[in-house]
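Engineer: From first to last, the protein sequence lines stand for chains A and S. Take 6 as the starting number for the first sequence in this note's numbering and just add one per residue. Take 61 as the starting number for the second sequence in this note's numbering and just add one per residue.
Honestly, the hints are just simulated from the structure, not real lab data. A portion of the hints provided could be inaccurate.
[To be verified] Across the chosen pairs, the derived CB separations fall in these ranges:
| no. | chain 1 | residue 1 | chain 2 | residue 2 | range |
| --- | --- | --- | --- | --- | --- |
| 1 | A | F128 | S | L312 | 29 to 37 Å |
| 2 | S | A85 | A | F128 | 16 to 24 Å |
| 3 | S | L81 | A | I288 | 28 to 36 Å |
| 4 | S | F92 | A | Q206 | 43 to 51 Å |
| 5 | A | R274 | S | L145 | 23 to 31 Å |
| 6 | S | A237 | A | Q206 | 40 to 48 Å |
| 7 | S | E330 | A | S131 | 20 to 28 Å |
| 8 | A | Q163 | S | I96 | 26 to 34 Å |
Because the structure is a prediction, the values reported are computed rather than measured. The C-beta atom is built at its ideal place from N, Cα and C for all residues, glycine as well.
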Amino acid sequence: MLRFAIRRLAMLVPVFLAVSLVIFMIIHLVPGDPLEHLIQVGSSPEQRAQMIARYGLDQPLLVQYGRWLAKVVTGDFGDAIVMRQPVSQLIAENMPHSLALGGTALFFSTVVGIVTGVLAASFRDSLFDQAVMGFILLGSTLPSFWLALLMILMFAVQFEWFPVSGARTWDALVLPALTIGIGGTALIARVTRAAMVEISQRDFVRVLQAKGVPFWRIQLRHILQQAMLPVMTILGLRIGWILGGAVTVEYVFARPGLGSLLITGLGQRDYPLVQGCLLMLAIAVMLGTLIGDLAQAALDPRLREAMGAR
Amino acid sequence: MSRKSLAGRIARSPRGAICALLLIALVLCAIFAPWIAPYDYAAQKLSMANTPPSAAHWLGTDEFGRDLLSRIIQGARTSLSVSVLSIALSVLMGATLGAAAGYFGGVFDKIVTVFVDLTWSFPEILLALILIAILGPGLHSTAIAIAIAYLAQFTRLTRAQVMALKGELFVDAAVTAGARPGRVLFLHLLPNAMTPVIVAGMLATGDAIVLEATLGFFGLGAQPPVPSWGAMMSSGTAQIFIAPWIIIFPGLVIATAVIAINVFGDALIEALDIRRPLRDG
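Next comes chain A alone, as it looks inside the complex (with noise of 0.2 Å):
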């Protein structure tokens, strides 16, 4: 188990130099000089020849690439232009409120979704099979920042049970977590639900009836057994999914986070905090995935063996 982690986490290299090469490419993609995007309006001379021998704007790209990089590994991201602050101070002030939300919506989310799926498998074809059904379809297809407003104006404008916006309680959390929730919660169900259904009607099953294990024993014992194994593979390659969800509604709840940083440093312009937050944002996805993979082969022996033997 450990060899195969150490390799997988090796095979993230190779993306990670990729992804940082495009995230890093987007100041040079950006039609207009470099050098206009890294710093202010009306900045001295002193300050462009600073970025200038800073970014080494006067080397070659791969050179500037290297450089760039080997400070970005230290954590070192530049100065945000309109915010005047490191990014990586920003980034760390933020990261956290996007961890706490991503994995409350994501232990949410896995969860409610496993045991609706269950249900609604056991229980097929029946009026709660349909509403399941019914919820999976809409929790799917609904756009999640509508669905967050929705949330505002129902729990927080007519109730009044939770905050509108912001991040100062921890019952803060608890709309936006729900509203990435629900779009996680439609998938996990559904592919449970498939699963159950699918487990259900192999064989063994039956030989388990015929044995007269109770059915309650059969499901959860035998057949949900079996069928976390695609569960833990949807997981695994939706996990960014889930994650990337919270951009979205961080912005709409006004929630200090990753998501809500990336969007006003795209509104502005600030392109240190662009490139910033979205490589800690893809690296959270390559991670997400990575954990989705080791829980994956974690449960199923045969992966393990197959990824080792490569």
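Dock chain S against the given chain A, drawing on the hints supplied.
Structural biologist: Chain S only, in chain A's frame:
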């Protein structure tokens, strides 16, 4: 399979038929927007700002007193054309890339596969935001960003389809008869491989509508005064306490469109019997 029998098969699922009609109605609204809309979408009347739905303004007015219904109808033009065009572009590029990769194999296939694997694990919204960072905000960049964000999906699907068909007898027959690779690919392989790709494209149009709306909501898509469903809601957030209808109605229209596309797409998949390639691709 004739056209009529396909339409007949879709009609057998009433939900699919209803959604098809809904979609046709929406598209007609978008095409004939200036003639259908009761008011000019840009006409401001500040004395009527933030009025709730009434007989004169069925869906109420926004913060500048503009008629919300007219703006939603006009917005259908922006939102639908951007989503449909960007997905069409994406399918075109993805199908070409995927077909070439699947048919020719070799180094080119390796490069394409690496690109697909790389973008696959990233959420579309993140890819789109990276592209918007490069291209700058606006409708054109939104369309290009959406097209590239979904490129991996169509490349992957077409590649898998072409790989599966490559070993079929009719392909060998064409090659034996002396057909050049281009002819085999575009005349023999692609027509047989495209059905699932096109249906996947149709389903992705629903996601593209949401993505376009999200970017518009961030203020990175359509710029004022051009109405788009997402951008309308963005300005509505400031009035959420006094005029919630500015947020509710455009969202309802997006939801209706996206759900209709999904249900209709599902009926189409059922009628064409292509669930397996879509899932495996």
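Engineer: Checked against the structure, which of the hints given earlier come out wrong?
Structural biologist: 2, 3
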